[in-house]
Amino acid sequence: MSDTFFTASPHWTWWIILYFFVGGIAGGAVMLATLLRIFGGHEDQAIARLGYYLGLGGAIVSGFLLTIDLERPLRFWHMLLQSETGRLMFKAWAPMSVGAWGLMLFGGFALLAAAGAAAEEGRLPWPRLRLLAEGTLGRTIGALASVFGLFLAGYTGVLLAVTNRPIWADSNWLGILFLFSAASTAAATLLLLATRTGHGASAAAAWLARFDRGALVLELLALIAFVVSLGAVGRVLIGFWGLVLLVGVVGLGILTPLWRPEPHVRAARFVLIGGFLLRTVVLLASAPIHAQGSGVTLR
Amino acid sequence: MPEPMGFYTDTTVCIGCKACEVACKEWNQLPAAGGGRRELSGDSYDNTRRLDGIHWRHVKFVEQFSEDRSQERWLMMSDVCKHCVRAACLEVCPTGAIIRTEFDTVVIQANACNGCRMCIAACPFGVIDINPASGTAQKCTLCYDRLQAGLVPACAQACPTQSIQFGPIRELKERAQKRVKQLHVLGESRARLYGADESMLGGLNSFYLIADEPEVYGLPRDPQLPTRNLFKSAMLSTVGAAMVGLLAFVSFRKHRMDRHV
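Just so you know, the protein sequences line up as chains A and B, in that order. Using the working numbering, you'd call the opening residue of the first sequence number 1 and step up by one each time. Using the working numbering, you'd call the opening residue of the second sequence number 1001 and step up by one each time.
Bound conformation, chain B alone (with noise of 0.2 angstroms):
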């Protein structure tokens, strides 16, 4: 059994390039957005605008201006599925199709997926989306395919600056750590790391370097497994049922009271 592998993403060293996105979508086969015509965000120098089916990578370009825009500062993050430890998806999978692969990532079998679209509402990162080329929904495989061949997924393989690293969860992690105090001496003291730890979703398996807060890149500050919400949910409704059950009882024995009047 080889030991968890995952990415580790230092977006204080991402130019937005977008190769990673590229090398995904190339050595994925994923169609392009539109049926090839391009469509421009409008609003923003980043055109894919988020994840889905067909964009597993998506670099985000966090724009930030003052008023009168004589101050700027650019954020840059190539996004993708975090293969959380405890993974939410996989956890409301109502066909069994979304399984945790030897390599400790999380994967959807296209074979098995019925679209139902579950995992969509689950994901607490909004990283999952419908391909619909194949009808399923699909996300980052962590190129499960180039693992199993011993290869290096492909937009880590791309990225150029190395702000994609690909490893030994283990490893990335020290090597993100010590990254981390190196920022701090240099004066970038917003620099912290995002899902390195194993309070978040059990850790995330694709944790990222970050140097503002989660959400400035569009990240929750505290992700949840949607089962959180089971118990107290089926609960209140047991309640429910019990009351709804009462009332019509109780209603009904006056009915058959005034009928005997």
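So that you can see chain A by itself, here it is in the shape it has in the complex (with noise of 0.2 angstroms):
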């Protein structure tokens, strides 16, 4: 039996869970977007500004998920100032901390590029916010933008496996695993906006279809390099979770659409199921281990 399977959950559920997706989207959409716009062309940037408004509206989402899944929701600036002293509270090794400070990071520069793009299409009364988008202040929030999404994406695995939590703790590819599945769904989400908005038929979209594609694939190895990392440990996969993971997030979420990418609008829901599916089994697959030791058969 591993270790880690006589200690305690931390009863992190579907406010977590959905946090993991939502950040992951957000943080790769504003990867994407920096690259429609640092080198795409003009008819790239409706696009690129979509994923920027993603990257915002995902960053206070998230943030506010993650707030009222504390015990004490009012005390989140713990996180960031000793409540004390009033002094920066910063663990360079504790993922938890560098995570608070890398989605208000994130937040800060999704802010500034989602302000600088709807300044560009006039939705801002302060048209000089338009500078925040252009030139090389604008490829260089972007850019940092994107540092702190991609960030955003992977860290939430880490902080899994920077704990003594059954599954959790018994891999080093959870990190990884988000990262890929945080650049699939991310794809599939402005795919979908893109659609809706009347972009679906861009070259930009058609982008995002190939882009994805390459991801799920690269999500597909990380997988099974998971769960093969896992061990003896991956025999508690056996039963629902196990199957939810084979025939929802493999099946559904990741083979469906490779196998039958058009048309890209249902490929797209397949990926964003796949990866809430995800995020839900590893989750909820540890949550209720914990061995007592006690009642043991005398032979």
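For the record, the hints were derived by calculation from the structure and aren't laboratory data. All C-beta atoms in this analysis are idealised placements derived from N, C-alpha and C, irrespective of residue type, glycine included. Don't take every hint at face value.
Said to hold, decoys possible - Beyond 10 angstroms from chain A on every Cβ pair, some chain B residues (computed):
no., residue
1, 1002
2, 1012
3, 1027
4, 1033
5, 1039
6, 1085
7, 1152
8, 1167
9, 1186
10, 1190
11, 1197
12, 1199
13, 1202
14, 1211
As the list claims (entries may be wrong) - Cβ pair distances, simulated, as ranges:
no., chain 1, residue 1, chain 2, residue 2, range
15, A, 72, B, 1175, 37 to 45 angstroms
16, B, 1199, A, 287, 25 to 33 angstroms
17, A, 14, B, 1202, 35 to 43 angstroms
18, A, 14, B, 1038, 30 to 38 angstroms
19, B, 1133, A, 251, 41 to 49 angstroms
20, A, 232, B, 1133, 33 to 41 angstroms
21, B, 1148, A, 251, 55 to 63 angstroms
Make one complex out of these two single chains by using the hints.
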């Protein structure tokens, strides 16, 4: 029996599952938007702007989900400032501490990028904010938002590994797996948004669909590596959650959109279902395990 | 600075009276489970079942029976926070609520904790949980308030068989080693110390004398710090981020070439 089986569950359930899902989409979307902004043409900018709006919206929702998941939500700022001294609270080796700062910085840069995009479209009463989207400043903001976005997409898996819980701490592959899944779900969400706003037939939308297929292949490989790395602990997946992983995540979420990539919209919906189920399985399959050690039968 | 203090729990003399559990609850004003409604475990004579936010001491009953119940063996162990010298909870706490005291014990400050529950997932022994009364993560403080006043922790004072002994770690270790030798002479060959040396998380300042394998008592054989996975996980994720960036860039070049055809 793995030593992780003797530990207690932190009761991270639906708010956290949703956060892992939304945070990944937000982080990935900003990276894709920045690529369109820096290297794309004029016609790609509508989808780039959608990516930044998605990033900002996702960052706000993420902060909200994390706050309401706390047992004492009004103390959320204790993650950033030491409550007794007012000094900065930061631990480079504690993923939740780094994550709190990473999410805040991501939110900040996503806000700047989204403000620039909105000003560019003439949606804001301050036209000078266009500067945030233009030239070197625009590219720098986009690049920084992407770096923190990719961090946000992957640190959640690292956070789970830096515990002593079954499944999570029994593998080092969760971070990279969540990152690939964030890339595929972000492209899928952006594709759905692009279709809804009338850009579904654009070259950028076709690129998102192609990128998504690549991300799904990476995700499948990382998922296989993750399950293999669990070794004997993987046996706890035999049962309901293993079935969800096999049918929901691999079957519906990865293989179906790879096998039937057209129409893009349907494939994207399957990708989102798979990405959500992946996080659900990882969090909930671990939750009930708590070995007590008593009641051993004498031979 | 006082020297490191802690518990030595000799499980071979524990009689399962649960006086420690009661004393702990009284001194620390911990609420009753389920609002005082008695819930029976149904498969054990122990109805507490586990340490959590309102049970900082728990007398484990290891009830071993043969198939036909003609043979039996009872092991009892008063479980508590191990006050690890290298503490997993303290390592990962993002608010700085978990501190090491002048007695080398580990305490969660209720006024700083915001209930994120990272420490619960990190503890290799499953000791910590949320106390619904405070909405914060809680566990044994090794009676920090009593220690500051020069008193013995409530559980150790209440223990009628001296299964729970409190004192300077150095003295407790000497006492425990003598006791193991005595038990070996008496034929209790499986008796051993758990967490008394520094190989286990730098040493447990609440260590045990147990009479069987650790797993039988629900104890991990080789507890580890959660950050053991940090470097590898973070490196793999960084490689992943680079791969996603590369994939996006390469597929994007194709996108641009397609457009220019």
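Hint-by-hint comparison with the structure:
1. Look at residue 1002 of chain B: its CB is around 23 angstroms from the nearest CB on chain A, clear of 10 angstroms, so calling it non-interface holds up.
2. For residue 1012 of chain B, the non-interface assignment is confirmed: its Cβ lies about 17 angstroms from the closest Cβ of chain A, beyond the 10 angstroms cut-off.
3. Consistency note on residue 1027 of chain B: stated as away from chain A, and its beta-carbon is indeed over 10 angstroms from all of that chain's, at 23 angstroms minimum.
4. Residue-level check passed: residue 1033 of chain B sits 15 angstroms from the nearest beta carbon of chain A, beyond 10 angstroms.
5. Distance to chain A confirms residue 1039 of chain B as a non-interface residue, since its nearest Cβ pair spans about 16 angstroms, more than 10 angstroms.
6. No Cβ of chain A comes within 10 angstroms of the Cβ of residue 1085 of chain B; the nearest lies about 17 angstroms off, and the non-interface call holds.
7. With a cut of 10 angstroms on Cβ distances, residue 1152 of chain B stays outside the contact zone with chain A, its closest approach being about 28 angstroms.
8. Consistency note on residue 1167 of chain B: stated as away from chain A, and its beta-carbon is indeed over 10 angstroms from all of that chain's, at 27 angstroms minimum.
9. For residue 1186 of chain B, the condition that its CB be more than 10 angstroms from all CB atoms of chain A holds, with the nearest at approximately 21 angstroms.
10. Here residue 1190 of chain B stays apart from chain A, with its beta-carbon at least about 13 angstroms from theirs, past the 10 angstroms limit.
11. With a cut of 10 angstroms on Cβ distances, residue 1197 of chain B stays outside the contact zone with chain A, its closest approach being about 18 angstroms.
12. The Cβ of residue 1199 of chain B lies farther than 10 angstroms from every Cβ of chain A, with a closest approach of about 14 angstroms, so its non-interface assignment holds.
13. Distance check for residue 1202 of chain B against chain A: the nearest CB is about 16 angstroms away, which clears 10 angstroms, and the non-interface claim stands.
14. Once the 10 angstroms rule is applied to beta carbons, residue 1211 of chain B is consistent with being away from chain A; the minimum gap is 13 angstroms.
15. Roughly 41 angstroms separates the CB atoms of residue 72 of chain A and residue 1175 of chain B, a value that falls within the hinted 37 to 45 angstroms.
16. Between residue 1199 of chain B and residue 287 of chain A, the C-beta spacing of about 31 angstroms keeps the proposed range 25 to 33 angstroms intact.
17. In this structure the supplied range 35 to 43 angstroms holds for residue 14 of chain A paired with residue 1202 of chain B, their Cβ-Cβ distance being about 37 angstroms.
18. For the hinted restraint 30 to 38 angstroms between residue 14 of chain A and residue 1038 of chain B, the CB-CB distance of approximately 31 angstroms keeps it satisfied.
19. Distance hint for residue 1133 of chain B and residue 251 of chain A: a CB-CB separation of about 45 angstroms, consistent with the stated range 41 to 49 angstroms.
20. For the pair residue 232 of chain A and residue 1133 of chain B, the beta carbons lie near 39 angstroms from each other, so the given range of 33 to 41 angstroms is met.
21. With their beta carbons about 60 angstroms apart, residue 1148 of chain B and residue 251 of chain A fall inside the hinted range of 55 to 63 angstroms.
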